[in-house]
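Trainee: Residues per chain are reported as follows:
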Amino acid sequence: MSTIISLPDQSTARIPKVNFITKENGLLSWLLTGDHKRIAMLYLASITFFFAIGGALAGLIRLELLTPQSDLMATDTYNKVFTMHGVVMIFLFLVPSVPATLGNFLIPIMIGAKDLALPKINLLSWYLYVAGGIMVLYTMAAGGVDTGWTFTTPLSTHYLNTNVLSTGIAIFIAGFSSIFTGLNFIVTIHKMRAPGMTWFRLPLFVWSHYAASILMVLGTPVLAIALVLVILERTMGIGVFDAAKGGDPILFQHLFWFYSHPAVYIMILPGMGVISEVISTFSRKRVFGYTAVAFSSVAIAVFGFFVWEHHMFIMGVSTYSTLVFSLLTMLVAVPSAIKIFNWSFTLYKGSITFETPMLYAFGFMGLFTIGGLTGVFLGTTGTDIHLTETYFIVAHFHFVMVGGMLMAFLAGIHFWWPKMTGRMYPEKISQLAALITFIGFNFTFFPQFILGTLGMPRRYAAYPAEFQVLNVFSTAGATILGVGYLLPILYLTWSLRYGEIAGNNPWQATGLEWQIQSPPLTENFAEIPIVDHDAYDYDWLERKHVHEREVTSV
Amino acid sequence: MEQQVDATGFAMWLFLLTEIMFFGGLFTAYLIYRNWYYPAFVAGSHQLSILWGTLNTGVLITSSFTMAMGVWCAETRRKGGLVLCLVLTFLLGLVFLGIKTIEYSEKIEKHHVPGFHYSLKSFTDPNSDEAAKTAGDKPLPLDMARHTEMYFGLYFAMTGMHALHMIIGIAILAFMIVRAQAGAYTTGHITFVENFGLYWHFVDIVWIFLFPLLYLISRHG
Amino acid sequence: MDHISQVLWQFLIKWLTNFSLYPPEASKIAPQMDALYFFMVLVSLIGMTIVILLVAGFSILYSKKRHPVAVQIEGSTLLEATWTIIPLGLFLIMFVWGALVYFRVYTPPANAMNIYVVGKQWMWKAEHPGGQHEINALHIPTGRPIQLTIISQDVFHSFSIPAFRVKREAIPGRYTSVWFEATKTGTYHLFCTQYCGTNHSAMIGEIVVLTPDDYKKWLADSTSGMSLAQNGERLFASLSCAACHNGRADSRGPSLAGVFGTRLPLANGQSALADEAYLREAILNPSEHVTQGYSPIMPTYQGQISEDGVISLVEYIKNLHSNDRVEQTLNTTTLLPEGEGKAASASAAAGPTSAKQGMVKQ
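Residue numbers (the working numbering), protein chains in the order written: chain U, 2 to 555; chain E, 1128 to 1348; chain L, 844 to 1205.
None of these hints come from the bench; they were simulated from the model.
Keep in mind the model is a prediction, meaning the values are calculated, not measured.
Glycine included, every Cβ here is placed at the ideal spot set by N, Cα and C.
Errors might be hidden in some of the hints.
Distance ranges between label pairs, derived from CB positions [unchecked claim]:
1) E/I1332 to U/L436: 54 to 64 angstroms
2) L/R1106 to E/I1159: 36 to 46 angstroms
3) L/L904 to U/L487: 34 to 44 angstroms
4) E/G1263 to L/G1104: 35 to 45 angstroms
Based on the sequences and whatever the hints tell you, model everything.
Mentor: Now the structure itself:
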């Protein structure tokens, strides 16, 4: 099979002696670093850890659901397991995943800067994330919490005596980590671009992170205040959401979803940025409709703020308001469709190869399309009545988050692994892992669409026997999916020591990050580049290679 | 370097935007419940002391002035002036907190703290209460009187959150006074002082909104 | 067949004969909602096919082996317009169609029979107007529009009947409602679909749809005690509502006969429709719902009456068309003396709660 991987001669190639990893040694040099690349690696380690925890919890859920009865664990325990699964996966994995690892690592390099605008705030971000994570671990050790990740009041304020307080505080702290990351990105992208790097020469990865950062900065504080009010209601009896005191539990729903809907776009937009980069590189072509893709990211961010009530269509809100929010939901679906088609047409008349990142990108395109389309089923008020609060919703968000976002994350990790570590991952086994993941994913989550249409509610520890077959399918798929996720953790770790030396640009890609050494210097660039070409300019790359060959042959 | 200065200023404005969103949630709750339970909010508001509230407003506005003067001193490299301005701002901040403590203890005495032996007496029987009598309040029916607890819940949440931001500001001021005395801000690097000034002005502006919304509901003459 | 075990064979047969992709359509709205659903499935399938064809097709046609040199294409405004407008158009069709279905589900016809549902951790209580009470079950006839007026006693729950394609949140502090007309007899699932704590998955039950004759039989068999309205009448008297709401010229409160469904002018200048939600609010938060021309002296009954009690009172008032029987209760029960109206508010003001009467049996 054709490949574009071009590695240096392995008998003579070496990892560059001076790079951001070897620059300084010792634990403190990592824990007190201001280098965005080191912080990215710190994040990568910590989110992998929490992903493993979230994944183990998912395994427990699927095991319980093998049988209709609640027989593996007590119902209370099951409720805690799915709550912690949601909290860990959303706040400690999905929200930071691409921005905090790949975004942190790449954005300064992609715009031609030496670091982010606020390196100390970046480090603070990581510490806040860790603090939030430790609080979540404490919560689990203290017996867990069983509110569901959505913290619905009055259940969370008055009817549970599990660790709501510590979870609320944990998410509050982790939220600030997200706010500071977004803040850093916006300032960096505005103020630190290299000379010649105009807005419309930026890689689409940067555009998507910019859009996601707007959401992080404006949306997360509203979650923070919603959590504060829940905490006040639990501890001090301030009854803002308490019907008995004249408060309104629906107000909590509004405040919570005002963040939590933009949150899903915070989660997916960076992944979409990865896909743009990967599809372009592995078709050797500029992205079709660059401007459309860039603007669609911003459109998703803006529209994403105005659709939150579609999570509340059956909660007795005014029917006229449902009209408005359903219409806006239809509008927010369109930019995503635009992207899918633009990526498809990037393939047109390209020169396509199928390395692992590209396989994950294809998986993303198929699965995100299904996930996105099923979102329209839910944004349509009429069908939402039947489908909401069932496994249809569970399937929908797992398709977009796991089939979409997680695949994009894996695509990005594989794509930039050689840049971050200087070593290639093993291609054959990684392609196998991508395939296993894709198959496992479909087996796990597609049956859940059917379960939802049949009416099986979500968050059920026990269910009527007629739903068992589909649940068994789903659990079987989950086992396969687990293998698919385990493999990368294993072989990526292996590659750190035994992987082939990658050189600067194993993919022959166009971004600024591929023009510097792998792993990069601490200051990224020996001298700040002056940018005179568009992103994805393969002609420029070709001219550069010709020039280099001429120089070296002298 | 100029890029760095420019960047941190921009970052501070963005951060203040997040703070607006944060307080926004509280203001939203306030607007909704004031609309639903207006008589209770009137009665609750009449329980607050206009004297202390106005005094506090004056204190904060003055402290914003001293802070702005401090920034000017830093810009014009007047170390003594800067330290003086920062100290004044610090002291005014403490005065604000002191007055808030007085107000809070008053509320605690009168059992107007939600969740802690909350008493409806001042609202169902205004003649028993100095503040209500002076304001000329009529007795509230029981169900409306119960909603005063919502007013006080929001009062404590909003002024409490504001006071928390004041405390953080005052702590940073203390740090800044020490550094200013050592000359850190009068050698041309004034970004820290400038950006803190933005933060302090923001905290002041939040109070400018809180004061009329909480203290001045239906006050006549 | 010898190499397939008996167990597996039985399992396969059972599954294949019972397999379905969607629940039975047992209500009038179900086929309408399914039509929209299948339209969306169709559009999704076509969309998916297009995307898969594009991606797979281009990947094969333009693989590096077949097409070694890429052609740099900036874009095409025509294509952008096409794949913006067509999806938008399709989504808007779905939006309008869905909105119509949604309105239909939540706009009950005037002649709907009302059944009250109270959800609490972790069971459903259904209260028929005739006084039949059901727990985790609901017996209904075919061919009759039925409105459910739903409320929760504690946390959010959600009343879901997949076979009817209806679902509605049960919220503490306010009524929500949904309606349906059953078309097929049989027994169908009732689920709670809003996570509500430990036994959320046990909060399930049966919707039993009977022919109208069987339903009449069931009603007759299961009546025990008073109808909701009769219970409400009893409460009306024992809570002394009649002291003020008696239709006399000098009464302190407005007459309630025939008030349900009318538009009431309120003391604050606005007007309100006197539906179930209004009646409930007027009982629990009376000073915010004072009818024009009357003083805000009605004491609140919050804390003295359960949601079941409120439902009984609401049902009573709904069916109250004259004050004759109210007059009778005035004459036959011990009433508070004339000046009690003022005294009551004074005593209510003096103490923290007016729980003098305690909770009346409801």
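Trainee: Determine for every hint whether it applies to the structure shown.
Mentor: Status of the hints after comparison with the structure:
| no. | hint | verdict |
| --- | --- | --- |
| 1 | E/I1332 to U/L436: 54 to 64 angstroms | holds (57 angstroms) |
| 2 | L/R1106 to E/I1159: 36 to 46 angstroms | violated (25 angstroms) |
| 3 | L/L904 to U/L487: 34 to 44 angstroms | holds (35 angstroms) |
| 4 | E/G1263 to L/G1104: 35 to 45 angstroms | holds (40 angstroms) |
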